[in-house]
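Q: Based on these hints, arrange chains R, U and Z with the ligands on the given structure of chain F.
Residue numbers (this note's numbering), protein chains in the order written: chain F, 34 to 337; chain R, 132 to 477; chain U, 78 to 635; chain Z, 96 to 202.
All clues stand as given, with none of them false.
Calculated cross-link-like contacts (lysine-lysine; reagent style DSS-like; alpha-carbon spacing at most 30 Å):
1) R:Lys186 with U:Lys499
2) U:Lys507 with U:Lys425
3) R:Lys267 with R:Lys240
4) U:Lys313 with F:Lys177
5) F:Lys178 with U:Lys313
6) U:Lys313 with F:Lys157
7) F:Lys257 with R:Lys359
To give an idea of the chain Z side of the interface with chain U (calculated C-beta under 8 Å), a few residues:
8) Leu169
9) Trp180
10) Ile183
11) Met184
12) Phe187
13) Thr188
14) Gln190
15) Asp191
16) Thr194
17) Arg195
The hints are simulated quantities; they were obtained by calculation from the structure and are not laboratory data. From the three backbone atoms N, C-alpha and C, an ideal C-beta is built for every residue, glycine too.
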Amino acid sequence: MSSHADTHEEFHYHAPGLQHQFEDMKQQEESVSIGMWVFLVQEIMFFGGLFTAYLVFRSRFPMAFAAGSNHLDAFWGGLNTLVLIVSSLTMALTVYYAQKGNRNMQVVMIVLTMLFGTTFLGVKVIEYRDKYEHGLVPVQGWNKKVKEGEHKEAASVVLPFETRAFASEAQTEAPAVHHSNPKGEFQIDVEKDMKLPKMAEDGKFLTQAEQVGYYSNGKLDPEKFRDKVRIFFYIYFVMTGLHALHMIVGLGIMAWLLWMAWRNSFSIDYYMPVEMSGLYWHFVDIVWIFLFPLLYLLGRHFLH
Amino acid sequence: MQTSSWVPLFPDSASTFSWQVDALYAYLILISVAFTIPIVVAIFFFAIKYREREKYATPEEMHGSIVLETVWSIIPFVISMTIFLGGAIVYYEQYRVPDDAMDVYVVGKQWMWKIQHGTGQREINELHVPVGRKVKLTMTTEDVLHDFSIPAFRTKADVVPGRYTYMWFEATKPGKYHLYCAEYCGLNHSGMGGWVYVMEQRDFDNWLAGNVSGQTPVEQGKDLFQNKLGCASCHAGGADQRGAKLEGIFNKDVKLVGGATVKADEAYIRNSILNPSAQVVEGYQPIMPTFKGQVTEEQLVSLVAYIKSLSGDTSPTSQSQAAAPAANTSAANTVAPAKPAANANK
Amino acid sequence: MQNVDAIESGISGQPKVNYLTNGFTLKSWLLTKDHKRIAIMYLITISLFFLAGGLYASAIRLELLTPETDLLTSATYNKVFTQHGILMIFFFLIPSIPAVLGNFLLPIMIGAKDLALPRVNLLSLYIYWVGGLLTVYALLQGGVDTGWTFYTPYSTTFSNSYVMAVGLGIFINGFSSILTGLNFIVTIHTMRAPGMTWFRLPLFVWANYATSLVMILGTPVVAITVLLLAIERTVKVGIFDPSIGGDPILFQHLFWFYSHPAVYIMILPGMGVISELISNFSRKKIFGYEFIAFSSIAIAVFGFLVWGHHMFVSGQSIYAGLVFSFLTMVVAVPSAIKMFNWTATLYKGSVSYDTPMLYALGFMGLFLIGGLTGLFLGSVGLTVHLTDTYFVVAHFHYVMVGGQVIAYLGGIHYWWPKMTGKMYSEFWGKISAMLVFIGFNLTFFPQFILGYQGMPRRYASYPPELQVLNIFSTAGASVLGVGLLMPVVYLGHSLIKGKPAGDNPWMLPGLEWRTSSPPPTENFEKMPVVTWEAYEFGEESGLDLESARSRNSAAVVS
Amino acid sequence: MSEEHIEHDHMTIPKYLAVFAVLVVGTILTYYAATVDMDHIFPGANTLVALGIALTKMSVVMLFFMHVYWSPRLIWLCAVASFFWLAIMFAFTMQDYLTRISGVFSV
Ligand code: HEA
Ligand code: HEA
Ligand code: CUA
Ligand SMILES: [Cu+2]
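So that you can see chain F by itself, here it is in the shape it has in the complex (with noise of 0.2 Å):
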């Protein structure tokens, strides 16, 4: 940039890719590594937060969150779980063979990369137009509208090895009443749904929160359920979503590393870039591993 660096730079052998500020390559490598995970521990306490609203409201509501987490395609996260350990499994080699100096590898490393990454977002484009269709966006009018009485669509995929309770009754009759909404509320199963409450209830494990929280008119009240299981459905799209916008940002930073290695620019000496953009797709692909689990497979036992 200045003139000074400049001149500075005619004097000294400078290694490709080696900023003015340092000395050497060395302290350069360090300094971006160590950058690179404060920023990572940053990314941390950002989901962090979202983890502790998580906490503060599964502690309360249980069996809203299963009921809400059930709704959820458990093949479809389990899938894109598969598909990011692939992806992270590829970013590693491409780490690899960017270690060893071997730029064609490189490149099919990030292309596969991206091609996985693609596809996780493929998938939860899929998941969020089922969500959308069967009025679970948690948004009044973001909704698909049905009119009053009509039926809902049948869920869309359903493997073998779903959870049977779920897929049979997802895929036959589903009550009518429940499934309109003319101005695209946010609406749930009711039938399907409360049957958790109503188990615990049996049971009399609701949680104080919970016998509160449910009822009115006596009984169950699926009004206040739903709001609960919105509450689930809330933190999933913020949660998920911000995922999703870090898998795009991700897929931005292999993009350019694509166009760098294509034109040769790493090295055995000078592949930092590659690394560092390692340590953050591995990264979001770790808050999935806790995503998955956490949101994808609550309660399902119940329905057992």
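A: For chains R, U and Z with the ligands alone, coordinates are given in the frame of chain F:
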């Protein structure tokens, strides 16, 4: 004992624990002075005595001293612990609501305080209380956070939507004291206040007499209970009534179906009326209908007051119920949910 | 040694290319990666925010001159104090010392050419601008009236003001703070010059390190909290609204998880400056170096365990109140350690009364009072009476204005010759330091008494019997305002007419004094090698004190 | 710390694949563990198992994919500190919620 009157810097001191708060305050001022004076004196003394006599002098080097460092870490720590303990004791006093307190209900609303006495008087932005009686406030709000604050009594508490919060005091000096809303609540926050009138018992009785607006909450509650809402059809009392026994339950532990116990406080009674089957009493069927939407907030207050009054004129059974361990509220609430999970899956 | 040449060349005033003269185009500023230029741009921006915040403060004090709401309506008043708080905290005080003085000096002090990540540094400035512009836009559109704490459900459901825009402004601004902290941590770990060991670092660097820890660990949480608030406000669904099962107090937990540690973002750098000033202007090695260094870290760590002391009457559990009260006491101890060590440093020193030192001594008195009244507020039984009254207002102005702002001013005066190469008027500097000290006490001391009498904060009108003390307070604010305006004038004047300062006007050993004033873009002509301990004033420091003394006496004689 | 040089030859393709296998097995295991009722052993057992598996997965990713295992102490510290701070946030928030007295009526 009142430490306030001779120090003009103190506000009125008119409750049983205001002297404690004042004493704690005085203690802290003492500590502050005890630290400030020596430090400030030392700063001035050093700054003057060792002022620069020669430009760019290099005074003798001095190394730190572990002994000194330890001393001046431990002393403040010990002192700060006394401050903590003092605060904790006063806090305990302020928030442990005594059992024999007179009830007053408070509902906050942007931007007014709606207050109702146990005897039926309603007031807005004013609170009349007798001197020398313990008063318990049960408070909630219709909209945002507010804070019921009476500086002369040295106490305040936030009111939170969706919850009851409690506070209590016992006034010691007749007079007229400020009542403030101390939690920011929007446009007219600074206008949301009024007065607390502390009166001699006789004056208070007069005030009550002059101000009676029909029924006391207990009377009103009784009326609702027996006639208007028909609670008595199940809770009339007697041997084979359908509804649970209500006499003597207040503040006692109630056994619920499923084994949990809860304390029958205001919130519980309120919930029992609004969401009866949320917590079903052991030995009864969950047949009680909800009254949500049928009763207003004020009627609820009256019903609660009436049911509490049923505990006032006693019942022998309360003894046996009280036998259940008392310290259940928090533990039961949090542990209860998952414990019987096994049953659920049978 | 190289510093001797530097001194000589500085004194003789040879023209040299320095960071200011290295390019004059707008582009050379806006695209610079030079930490010193970025610091100057921060300096200008935060000064503007401080003036804006100060204007709001003036409006507050004028309104409170009389008990009635005559100058401002309640609605306006609510916006005024909210915006005062938001601008002062998020856009002035948090970036003040780290982003200006830290940015400028930290690399020089450790002997580096720049921060480790200069582009990230520039990015943080831009983020700060974007956040600031968004906030200013929202304020011009109509402002916000939630209080700087944004308590729910008022902020989510009831307020009609521009909560969204301001919230996003703060969200964005948060990342500026995070990136600054990140950069500092990396720089301190990897960019130290040869010989600059951890325990030779100036305490200012330690303080900034501790601050950065808080920025990294705390700021993301407030960012996500504000984001949740903004989402909840837009889509009308969320987790803070009790009517659909949410919990308003959760917001307070998340908010204070950051905002209590944030008060240490607002004081630790100030403490760092004070450590520098006390030691350097007593020309004596600081007493208990390690204890001051580690107490900064201790404050940063323990500061995360006490946030509930802002929620004593909020409806949180009594048990939690006690735990938080206990920990609040614990976190006060490291501050006490610093206080005592500073005092001990003066002992047998050679104390000069230059303007920066006046500020430092002022800091000690004011922070002492501010901190001790923090103990009042941490003592839970007493806080029940004091919380949400002017006692709290007085407490935090004592620590924030009496602490950090004073330290910031002291630091600006101290390093002004280094940053600009010019010397300001020592006479006016002293006058203004006195005015600030007197005005400050007059403004805020009466508020302690008001607070104990129960005057609630955020009140546009108040009972008439409290007027006398409020008049004192407003009068004090005028003096304070004048005192604070004066530096703008004489510092500005020094830029044009000031005497050249020389490279080391105070003959001090810190690395920043061993390069020219203003420093060249790369900070040093050649990489310094540190062979002396921190705060070494004697011969070992390699300073040529003899000739400086003789030069000085020659100057006095002539 | 600056003495240590970050070694690069510690991971080989078979090792990467092994880690990958652990992750895949972990994912499948979480899924099946969720369908088995363990809450009757003690409440929260299902969640505990799920979190245990997730933690294991995270550890291998961090240690081997992210090379923490061969990294300087400072980076270990970063990793540990962030979880420590998360724990602070969880613990001190829940400390309030779990000790609240009743009085909630409209959650
Ligand atoms: C720079 C900012 C800053 C700093 C450094 C502090 C420092 C401290 N603060 Fe302050 N505080 C604020 C800014 C700050 N605060 C703000 C902005 C608010 C209000 C927010 C709002 O609601 O709008 C607030 C509010 C606030 C409250 C809540 C009040 C309420 O709303 O009810 C409490 C309660 O405990 C508190 C306590 C403390 C304590 C114990 C310290 C300690 O760290 C102080 C430690 C220092 C010393 C103790 C002095 C030196 C020690 C000695 C000389 C030795 C003697 C010591 C002993 C005997 C222990 N503060
Ligand atoms: C960095 C933080 C900071 C700083 C520096 C200040 C500085 C000042 N503050 Fe501020 N204040 C806060 C942070 C800060 N404040 C916060 C967080 C709140 C709480 C908000 C809330 O409740 O949400 C608050 C609230 C607050 C209140 C309480 C409002 C209420 O609760 O109703 C008051 C009342 O006196 C006040 C006064 C002042 C004054 C007189 C100054 C003075 O120090 C300012 C001096 C500066 C100038 C005067 C500017 C320079 C001069 C000019 C622009 C020239 C024109 C002026 C004159 C000639 C007079 N402040
Ligand atoms: Cu109600 Cu403030
Ligand atoms: Cu605090």
